[in-house]
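Heads up: the protein sequence lines correspond to chains A and B, in order. Numbering (numbering that gives the first Met the number 0) for the first sequence: 0 to 292. Numbering (numbering that gives the first Met the number 0) for the second sequence: 0 to 328.
Keep in mind that the hints were calculated from the coordinates and are not lab data. Among the hints, a few may not be true.
To give a feel for the contact side, a few chain A residues facing chain B, derived at Cβ under 8 Å [said to hold, decoys possible]: (1) Gly92; (2) Ser96; (3) Met99; (4) Ile102; (5) Gly257; (6) Asn262; (7) Leu276; (8) Leu277.
None of the values given here were measured: they were computed from a predicted structure. Beta carbons: idealized from backbone N, C-alpha and C, even for Gly.
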Amino acid sequence: MKFADQLLQYLINGITNGGIYALIALGFTIIYKSTDIINFAQGEFVMLGAVFMSTLYNRAHLSLPVSFGFSVLAVAAVGILMEVLMIHPLRDGSVISQIMATIGASIFFRGSVMLIWGRNDLFVPFFSCGQPYRFFSAIFDRQYVWILVIALISMGVLHLFYEKTTHGKAMTACSANKKASMLVGINVQTMVILSFGLSAALGAVAGGVLAPFGMKYDSGVTFGLKGFCAAIVGGLGNNVGAMVGGFVLGVVEELGAGLISSNYKNALSFCILLAVLLIRPQGILFIRSGERV
Amino acid sequence: MIKRVWKVIEQFHFLLFCLLVLSLPLILRRFEAGDYYLSVLVLAGISSIVVIGLNLLMGYAGQISLGHAAFFGLGAYSSGIVTIRYGLSPWLGFALSIGLNAVVAYILAEPILKLKGHYLAMATLGLGMIFLTLFSNLAITGGSEGLSVAKLSILGYVLNSRELKEVNYYYFTWSIALLLMHLALNLVNSRVGRALRAIHASEIAAHSIGVDIAKFKTQVFVISAVYAGVAGSIFAHYSTFLCPPDFGLTQSIRLLTMGVIGGMSSIWGAVLGAAILTMLPQLLDVFAEYDILVYGLVLILAIIFMPQGMSQKISLGWEKLTGQGSQGS
Chain A
0 MKFADQLLQY LINGITNGGI YALIALGFTI IYKSTDIINF AQGEFVMLGA
50 VFMSTLYNRA HLSLPVSFGF SVLAVAAVGI LMEVLMIHPL RDGSVISQIM
100 ATIGASIFFR GSVMLIWGRN DLFVPFFSCG QPYRFFSAIF DRQYVWILVI
150 ALISMGVLHL FYEKTTHGKA MTACSANKKA SMLVGINVQT MVILSFGLSA
200 ALGAVAGGVL APFGMKYDSG VTFGLKGFCA AIVGGLGNNV GAMVGGFVLG
250 VVEELGAGLI SSNYKNALSF CILLAVLLIR PQGILFIRSG ERV
Chain B
0 MIKRVWKVIE QFHFLLFCLL VLSLPLILRR FEAGDYYLSV LVLAGISSIV
50 VIGLNLLMGY AGQISLGHAA FFGLGAYSSG IVTIRYGLSP WLGFALSIGL
100 NAVVAYILAE PILKLKGHYL AMATLGLGMI FLTLFSNLAI TGGSEGLSVA
150 KLSILGYVLN SRELKEVNYY YFTWSIALLL MHLALNLVNS RVGRALRAIH
200 ASEIAAHSIG VDIAKFKTQV FVISAVYAGV AGSIFAHYST FLCPPDFGLT
250 QSIRLLTMGV IGGMSSIWGA VLGAAILTML PQLLDVFAEY DILVYGLVLI
300 LAIIFMPQGM SQKISLGWEK LTGQGSQGS
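Turn these sequences into a full structure, and let the hints guide you.
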């Protein structure tokens with residue numbers, strides 16, 4: 000393969016990964032905006048999405064789209080439960096205890112899945128069979144197309160939700176100013192619950208499109224960390240930033256892995272994370288004050 | 000009369016704790032599985048050292064670190080590399096481990112500790128992951144295949160050789176742990192300790208009364224990194240085999256959990272938390288497959304119902320028992 004072809008291939012893989020990272024980063028962002036909490040269990044939502052989907056498909060014998068839809072709903076319910084049972088009691092707690100609580104939740108989810116589904120990878124079939132597409136000289140896996148399309152649709156739907164619906168606008172208002180939102184009659188607690196449901200659902204969508212590649216109880220950790228880097232790179236608390244951050248991280252990571260060394264692929268994302276935090280804590284996109292002294 | 004006893008206990012609680020620690024092997028010797036219990040206690044001692052440092056940083060200065068396993072690993076690998084790759088004295092390993100951690104922490108402290116709250120958590124998490132990647136990929140650390148480390152010998156006497164292995168290493172670990180604990184207890188009651196607590200309460204207020212925030216933050220970061228490094232070196236010679244997963248995110252979280260459960264703003268809490276969480280898996284053997292589940296649940300419940308940790312509950316209980324409102328342990 001020529002160098003240009005290789006580059007194209009890296010780019011395609013990077014953009015596909017980027018779609019996943021963007022979805023997870025959006026999940027982080029939505030919760031952060033409504034509660035100022037970084038949810039370290041975000042990666043577990045991805046894992047739960049895939050695990051639920053595979054159970055619904057393989058055990059309940061539902062069709063692929065139906066199991067996908069139901070697993071997204073189920074994970075959203077898990078997210079809401081997590082808010083009500085754990086985050087709500089801690090709403091006035093210190094940052095450290097909130098972080099530790101979401102870490103506790105992620106361990107709990109992993110433990111439950113390991114106990115119920117075991118330690119093996121769970122699969123669903125690829126969404127469509129057939130030869131991979133060829134794009135010039137690069138190979139474009141059919142599932143990659145599904146990932147990109149579904150990720151973009153989810154982002155579009157999310158955008159419409161925020162821009163066009165009352166609830167979406169109310170959520171934006173809450174993230175801007177909680178007290179003022181209460182004054183104009185918005186139920187802030189409902190919005191917080193909604194944001195957990197939404198964020199969990201986005202994670203589950205990412206998990207669902209990844210399910211054909213196999214997912215087990217501890218697979219969520221890596222995805223969570225990558226999505227987390229993406230959210231920072233784009234500027235924490237900004238939906239557009241999260242999406243851009245996701246794609247940028249996906250592409251840079253894939254290029255770095257391909258051109259430098261795949262062993263250091265993970266370290267590269269975290270180097271980018273650190274560089275952004277230290278140089279532009281407000282993210283690469285916008286000029287906003289980050290939380291620094 | 001009984002009041003007097005309480006008072007004596009309160010006054011000499013650190014000394015009494017030392018006595019308890021020193022006499023434990025004599026008691027455990029009577030049990031069949033005594034050596035096994037001692038080995039658990041050695042690990043508890045090693046974790047205590049890291050968590051004491053972590054509590055200084057988190058509980059007193061209010062700076063979170065999700066990457067402390069990196070410093071633990073840096074210490075362990077320093078010792079391992081110095082003794083195995085270069086065949087030098089393990090004491091040089093200890094020295095290097097302390098020096099390297101101090102230097103690395105000093106360099107990192109200035110930029111990293113400018114960040115606050117969640118941003119600091121993310122930066123330290125990122126640092127931890129970068130170090131983990133280095134441990135698993137560099138040739139000198141043995142990469143993912145791991146690194147064997149020699150046993151510790153003092154003047155030709157191998158401390159953890161066959162017969163008295165656990166007892167010797169127990170005394171070695173815990174004498175260092177007690178020493179470092181004593182230093183930390185003095186530190187938190189000194190001018191530095193008060194400055195750290197002021198920073199925790201409000202950086203702006205601390206700054207306005209003349210506390211050099213950057214200096215104290217850097218100092219406590221370096222101290223906590225050195226504590227982790229010492230623990231790492233002790234661990235390296237005890238386990239005699241290092242592999243990268245021991246120094247990853249899971250380990251950082253385990254150390255944090257110890258601090259949270261024991262009580263972050265207490266040196267005693269660090270030791271208590273380390274002891275409980277090291278012994279918990281042994282107790283959780285009953286739960287077999289459920290252990291991760293129980294672990295996560297314990298963490299969540301502890302944070303919701305005991306945000307100040309167990310040490311605070313105990314000291315409240317102590318005050319009730321002795322019927323006085325003094326500071327307790």
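To see whether the hints hold, each was checked on the structure:
1. Gly92: Interface hint status for A:Gly92: holds (6 Å vs cutoff 8 Å).
2. Ser96: holds, 5 Å
3. Met99: holds, 5 Å
4. Ile102: At 6 Å from the nearest chain B Cβ, A:Ile102 passes the 8 Å test, so the hint holds.
5. Gly257: Not OK, violated: A:Gly257 not within 8 Å of chain B, min 17 Å.
6. Asn262: With a minimum Cβ separation of about 5 Å from chain B (threshold 8 Å), the hint on A:Asn262 holds.
7. Leu276: holds, 5 Å
8. Leu277: holds, 5 Å
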